[in-house]
Amino acid sequence: MVRKDSDSDKPKAKILIVEDSRTQLIHLQSTLENAGYYVESSENGKQALEKLETFTPDVILSDIIMPEMDGYELCEKINKDRRWHKIPIILLTALTDPQDVIKGLNVGADNFIPKPYSDDFLLSRINQLLVNSQMRSGTVSEMGMEIFFAGNKHIITSERMQIIDLLLSTYENAVNKNNELIKANHELSVLKEDLEKKNAELEKVNEEKNQFIGIAAHDIRNPLGGIYNFADLLKEELQDKASETEMEFINIIQSSSELLLNMVTELLDISKIESGKLTLKKQVSDLISFVKTNITKNKFLAENKSINIKTEYPTSSLNVEFDRSRLEQVLNNLITNAIKYSKPDTEINVKIGIDNDSIVFSIKDQGVGIPKEEQDKLFKPFSKTSARATGGETSTGLGLFTCKKIIDAHGGKIWVDSIKNEGSTFCFSLPADINELKINSITEKLLKQDKAVSKINSDQDAIAGKKILLVDDIEMNYLFFNGALSKLPIELDWAEDAYKAIDMLGEKNYDLILMDVHMPGMNGLELTRRIRETDKEVIIIAQTAYAMHGMEEKCITAGCNAYTAIPVKPREVCAIVVENLK
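In the numbering used here, the protein residues as written are 3 to 584.
Any given hint might turn out to be false.
[Said to hold, decoys possible] Cβ-Cβ distance ranges computed for the label pairs, FRET-style:
#1 Ser191 with Ile504: 36 to 42 Å
#2 Asn484 with Leu282: 30 to 36 Å
#3 Ser360 with Tyr501: 53 to 59 Å
Since the hints were derived computationally from the structure, they do not count as laboratory data. These numbers come from a predicted model, not from an experiment. Backbone N, C-alpha and C fix where the C-beta goes; we use that ideal spot for every residue, glycine too.
All chains, please: the whole structure from these sequences, using the hints.
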């Protein structure tokens, strides 16, 4: 019986590693020995030549950059020595230049392996070279070849088989690199898909977060609005009856609830800004009058700290287009900040100027100032500086961020000049886009609205006996509307849900419906659509604290005649009712 030789019976191929890096040497030696090779090593070319005197390997694996003698010089010396010139040599290199191939051919290298490389790739190349080495031993050497490359003539003295080995290894390296690029490209494509999926999920989560904030704001605004509005009603009712201390308590209740309402509004604004849904409702108004009104509102705060607010205007009136509500936020924030950070018995200067096509506002204080290194983060969300309010007032860190976004939306700019311990000047600009035709029409409308508020008493006859239905699931809101409208000669009924409202509408004809949008069961928009199926004439005014982007459009589409964001002040309620019933 004839026994076939097994792999274990074959003699181990011998490999000489020439590598000056101890870490690389240990890794290479471990890889090759685990693959069944016999391995010896040297730290540089000079030691390798000494090793060859006593050890003849089947393959030499050499680094190029080494002390004393590099890989190229080692190749050249081995190929010039007839004892060793048949030993295949693999050079480990970055191979970033075609000139490396020419140099390798000149010194007699058989193979290049680019760094970094995988262990499998290295073992495959060694095995391939060992097979080719056996083939080479049976061929006749053909020495000498001239080539012209990169403008230079090169004389290649390597054998043809050696040249083929080297060129094949170079080509294989290129193919391997290309495969790695294809793999990397595929992985990038997968990552891109994952990122797009994650972004979509984040957008969904962000949208859900914004909806949650809106709903939470609705639930918070209702009780806060009730506190504020009932305090306002108390002030009117007890104006000549309450003591000075009692009126002070009422003012504290009202100002505290107003502060909380403003904080809720600020959070809603941040939510809109983050979701890219900050929209402006521009109208043409007298900017000078608008600023004067805002300053008057803030004078009480200033007087508490004995701060005098001085003003400077370029003209008595200045009609421009802007969002009144949003710009009021900006002015209120900047002026209250100036008061907060100003020392008692100082001045705040509010100035409006015209610079080319822009209107420039400046609010200058004599306060604590802001260190220069902290000024860059002033207009970022939730940012706070080391500056402290002189009266211990608090800050959310959201106001200036909101201001910047509002001014950006107007097409303007906002900036600050500040010196520590001397004061700050906050400035912002608005484009001076004045349209006379628009001024006339919109100003006329504003005058009509003002007239409706100021002459409610003269409209008593026009609305006498009108029937109003309030549809709202919160009893406190009914009590407020009942109190706010008590001086008007109208009849107010209350339905605590949509189903009760349907029954009441079947029993009585109403002239106006105040419709809460968010109610349990059937909401206000669904009820409005039901009403419009049979009644196209009744006036329906939607009202909600959920004042998020797109809500007004949803209300109008459902069939409402108008939309009001609550809470509203008693006088505003009267004005809305009178204006719509006339």
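Against the structure, the hints come out as follows:
{"no.": "1", "hint": "Ser191 with Ile504: 36 to 42 Å", "in the structure": "57 Å, violated"}
{"no.": "2", "hint": "Asn484 with Leu282: 30 to 36 Å", "in the structure": "35 Å, holds"}
{"no.": "3", "hint": "Ser360 with Tyr501: 53 to 59 Å", "in the structure": "55 Å, holds"}
Hint check: a violation occurs at hint 1 only; the rest are consistent with the structure.
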